[in-house]
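Can you make the complete structure from the sequences, with help from the hints?
Chains A and B are the protein sequences, given in the same order. Mapping of the first sequence onto my numbering: position 153 corresponds to residue 153, and the numbering continues sequentially without gaps. If you want my numbering, it's the 1-based position in the second sequence plus 1000.
Treat each hint with caution, since some may be false.
What the hints assert, rightly or not - In silico lysine-lysine, DSBU-like type, Cα no more than 30 Å apart, as pairs:
#, chain 1, residue 1, chain 2, residue 2
1, B, Lys1026, B, Lys1060
2, A, Lys185, B, Lys1026
3, A, Lys183, B, Lys1043
4, A, Lys185, B, Lys1043
5, B, Lys1003, B, Lys1090
6, B, Lys1026, A, Lys254
7, A, Lys254, B, Lys1012
8, B, Lys1034, A, Lys254
Unchecked claim - If you want a taste of the chain A side facing chain B, the calculated C-beta under 7 Å gives, among others:
#, residue
9, Ala191
10, Ile298
11, Leu300
Read the hints as simulated data drawn from the structure, not as lab findings. For every residue, glycine included, the Cβ atom is placed at its ideal position computed from N, Cα and C.
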Amino acid sequence: MNATDNAFILICSALVMFMTPGLALFYGGLVRNKNVLSTVMHSFALLGLASIVWAVVGYSLSFGTDIGGLIGGLDFAFLNNVGPGVENSPAGNLPHLTFMIFQCMFAVITPALISGAFAERIKFSGFMIFSALWIILVYAPMCHWVWGGGWMGEMGALDFAGGAVVHMSSAAAALACAMLLGKRKGHGREAFIPHNLPMTILGAGILWFGWFGFNAGSALAADGLAANAFVTTHMATAAGLLSWIAAEWVHGGKATTLGAASGAVAGLVAITPAAGFVTPMPAIIIGLGAGVICYGGIMLKNRFGYDDALDVVGIHGVGGTWGALATGIFASIGAEGLLAGNALQLWVQFVSVVATWVFCFVMTVIIFKVVNAMVGMRATDEDEVRGLDVSQHSETGYQI
Amino acid sequence: MKKIEVITRTFKLDDVKAALTELGIKGMTVTEVKGFGRQGGHKEVYRGAEYQVDFVPKVKIELVVQDERVPELVNAVRDAAFTGNVGDGKIFVSPMDEVVRIRTGETGDEAI
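Listed below in structure tokens is the structure:
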């Protein structure tokens, strides 16, 4: 065990944990005030639910002994054989518990990301059951495939901190949920204007801050690779912010605060798979691309007519896909991408992108339909119009 | 007696108030209101989607004055609230039947 690495990864775990309440603010500010608490609750409740599911079975399915490249065994279920020493630890420099809790924070935020798609119209009971099943049946296999010794990692797919595991997986689920759940009442006729953009900006800032733990921590050591990931993360995010507001300035005539926040998140998403594989200048290119491409991505829902309320597909899906492919183009640290003369890497990245989208979309459709048959996924019309805060939680966010 | 109602730009409130007090007006009522006239509302853009916001914030100033003071006060208000752009607002003058000062019971011009 390396005490320095242990200290660093424990702090990174705390940083990643803070992303989820940051996401709650980011999403919470974007909905109408009658749904602020329900939207915040989607993220915050997962700090409870996902953590427990992770400890009981999720961690083991992700990092237990590999079964056919598809899933982990149950040797770590209930955190058996996961102790303060390095025994069995996938990272030999870290206590097994440190590695487990770092990964736990990823398992918390990933289903929380999906909640942006079905905000303002989902039943809380359906959301909770759906999320628990999704962690077990979608997140854990994806995590195993990429990081736990599964086929995608073996194939050589590069995903430093979760472009496929976190962002594409949640976006594919978001797309499936938005399509199956249907549009919010009044969609296309009423304006769904964000009720508190300062809250959204604060949330985006917290996400940016926490993301240093997410990406730099994915080096799993307090070393130069972590420093590289930290710097690439920051530079790509800065570039994403600028290119998004530049795009909307040209396209719409003004730079908006929501655009700045969205561009930063797009940059963060896109650099995630690449953070430890590229140097800072390619990171800036990836960030610049992310701002413009994701700005285009949010127009997709208008074109295709689904109601992804808070643009999970446009930002995490499009940004994650761009990042995964860009990793195959720009990789130069510990792997070689297209520009280093290895075109095969880009092909491998492409295969991982397609597999991730297809697997996560199909599995989400199945889980959704099962839960819908069990308890129903959509709030009643009356509950939706009253707002989910009152109808689902008997509370209101503001007493004005 | 007449009631003068002025609906104008929020940032012009201080100018209008200063012009009226300079002419000896001792009281007025101000309300924050929303509405639209010929200029319509304005556009807001969120993540590339445009929304038309119809109602624009304005202030409404109400005061009751003696009949003979109306032309002078209306001109003063108009000068103070004028920018020359659409959205400067309107001044309405309407008859006022009775005014009662609650504290003293005075009525009519005495109560203004």
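Do the hints match the structure? See the list:
1. Lys1026/B / Lys1060/B: holds, 17 Å
2. Lys185/A / Lys1026/B: violated, 51 Å
3. Lys183/A / Lys1043/B: The hint holds at about 24 Å.
4. Lys185/A / Lys1043/B: Cα-Cα ~22 Å, so holds.
5. Lys1003/B / Lys1090/B: holds, 14 Å
6. Lys1026/B / Lys254/A: violated, 44 Å
7. Lys254/A / Lys1012/B: holds, 26 Å
8. Lys1034/B / Lys254/A: Holds, at about 25 Å.
9. Ala191: Nearest chain B Cβ about 4 Å off; hint holds.
10. Ile298: Hint on Ile298/A: holds, closest Cβ of chain B at ~5 Å, below 7 Å.
11. Leu300: Violated: closest Cβ of chain B sits about 11 Å from Leu300/A, beyond 7 Å.
In this structure, the earlier hints numbered 2, 6, 11 are contradicted, and the remaining ones agree with it.
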